[in-house]
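Each step along the sequence shown adds one to the number in the numbering used here, with nothing skipped, and position 51 is 51.
Worth flagging that the hints you see were computed from the coordinates, not collected in a lab.
Some hints here could point you the wrong way.
Claimed, not checked - Simulated DEER-style distance windows between Cβ atoms:
id : residue 1 : residue 2 : range
1  : 29        : 109       : 19 to 27 angstroms
2  : 14        : 72        : 32 to 40 angstroms
3  : 79        : 15        : 15 to 23 angstroms
4  : 93        : 26        : 16 to 24 angstroms
5  : 141       : 21        : 28 to 36 angstroms
6  : 12        : 111       : 36 to 44 angstroms
7  : 12        : 95        : 29 to 37 angstroms
8  : 50        : 77        : 15 to 23 angstroms
Said to hold, decoys possible - Cross-link-like lysine to aspartate or glutamate pairs, in silico, EDC-like; alpha carbons within 20 angstroms at most:
id : residue 1 : residue 2
9  : 17        : 86
10 : 17        : 84
11 : 17        : 79
12 : 110       : 129
13 : 110       : 80
14 : 110       : 26
15 : 15        : 26
16 : 110       : 125
17 : 17        : 129
18 : 15        : 129
19 : 15        : 79
20 : 110       : 135
21 : 17        : 45
22 : 15        : 84
23 : 15        : 73
24 : 17        : 125
25 : 15        : 125
Cβ coordinates follow ideal geometry from the N, Cα and C atoms, glycine included.
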Amino acid sequence: MRIEQGAVKAPVYLKNKDIIRRYYEDLWNPWDLDAAHELIDSNMEFRGSLGVTVRGIVGFQSYMSTVRLAFPDFHNQVEDMVAEGDQVVTRLTYTGTHLGEIFGLEPTGKAISYGGIAVFRISGDRVVEGWVMGDRWGLFQQISGPVAPIPSA
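Take these sequences, add in the hints, and give me the full structure.
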């Protein structure tokens, strides 16, 4: 076995976790749309927790802008992160204040907090796929008020 001099190459899953950490800390939480050019693949396919699917950097930035209009102080708190191969899964808590229209509902000024899971696929140093499944029902109830329970069969 030959040992080469120089830096030890980190396992790919650690590099991918770092990319997703930056995705939240450098892109989403500070609303730095320009960071998308460093982290997002030009052909990325993204399905957001609001039920919207977009492609590419411009589509992704548009999705972020929609979220920001509804929740200007929206914050992604990563609770857990698991990575294997080219995939990274995060468990998150989303918080913010409802200050813009969303789901056809006018701003309420209510604070929101709901959970979600995001699944990403990384290629090279960029996110090529993202699928976010947030608790939309919980979010909707927080901004629209109590909803009658679904009757049991």
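Evaluated hints:
{"no.": "1", "hint": "29 - 109: 19 to 27 angstroms", "verdict": "holds (21 angstroms)"}
{"no.": "2", "hint": "14 - 72: 32 to 40 angstroms", "verdict": "holds (33 angstroms)"}
{"no.": "3", "hint": "79 - 15: 15 to 23 angstroms", "verdict": "holds (21 angstroms)"}
{"no.": "4", "hint": "93 - 26: 16 to 24 angstroms", "verdict": "holds (19 angstroms)"}
{"no.": "5", "hint": "141 - 21: 28 to 36 angstroms", "verdict": "holds (30 angstroms)"}
{"no.": "6", "hint": "12 - 111: 36 to 44 angstroms", "verdict": "holds (38 angstroms)"}
{"no.": "7", "hint": "12 - 95: 29 to 37 angstroms", "verdict": "holds (31 angstroms)"}
{"no.": "8", "hint": "50 - 77: 15 to 23 angstroms", "verdict": "holds (18 angstroms)"}
{"no.": "9", "hint": "17 - 86", "verdict": "holds (10 angstroms)"}
{"no.": "10", "hint": "17 - 84", "verdict": "holds (9 angstroms)"}
{"no.": "11", "hint": "17 - 79", "verdict": "holds (13 angstroms)"}
{"no.": "12", "hint": "110 - 129", "verdict": "violated (31 angstroms)"}
{"no.": "13", "hint": "110 - 80", "verdict": "violated (26 angstroms)"}
{"no.": "14", "hint": "110 - 26", "verdict": "violated (26 angstroms)"}
{"no.": "15", "hint": "15 - 26", "verdict": "holds (16 angstroms)"}
{"no.": "16", "hint": "110 - 125", "verdict": "violated (37 angstroms)"}
{"no.": "17", "hint": "17 - 129", "verdict": "holds (14 angstroms)"}
{"no.": "18", "hint": "15 - 129", "verdict": "holds (16 angstroms)"}
{"no.": "19", "hint": "15 - 79", "verdict": "holds (18 angstroms)"}
{"no.": "20", "hint": "110 - 135", "verdict": "holds (17 angstroms)"}
{"no.": "21", "hint": "17 - 45", "verdict": "holds (19 angstroms)"}
{"no.": "22", "hint": "15 - 84", "verdict": "holds (11 angstroms)"}
{"no.": "23", "hint": "15 - 73", "verdict": "violated (28 angstroms)"}
{"no.": "24", "hint": "17 - 125", "verdict": "holds (11 angstroms)"}
{"no.": "25", "hint": "15 - 125", "verdict": "holds (8 angstroms)"}
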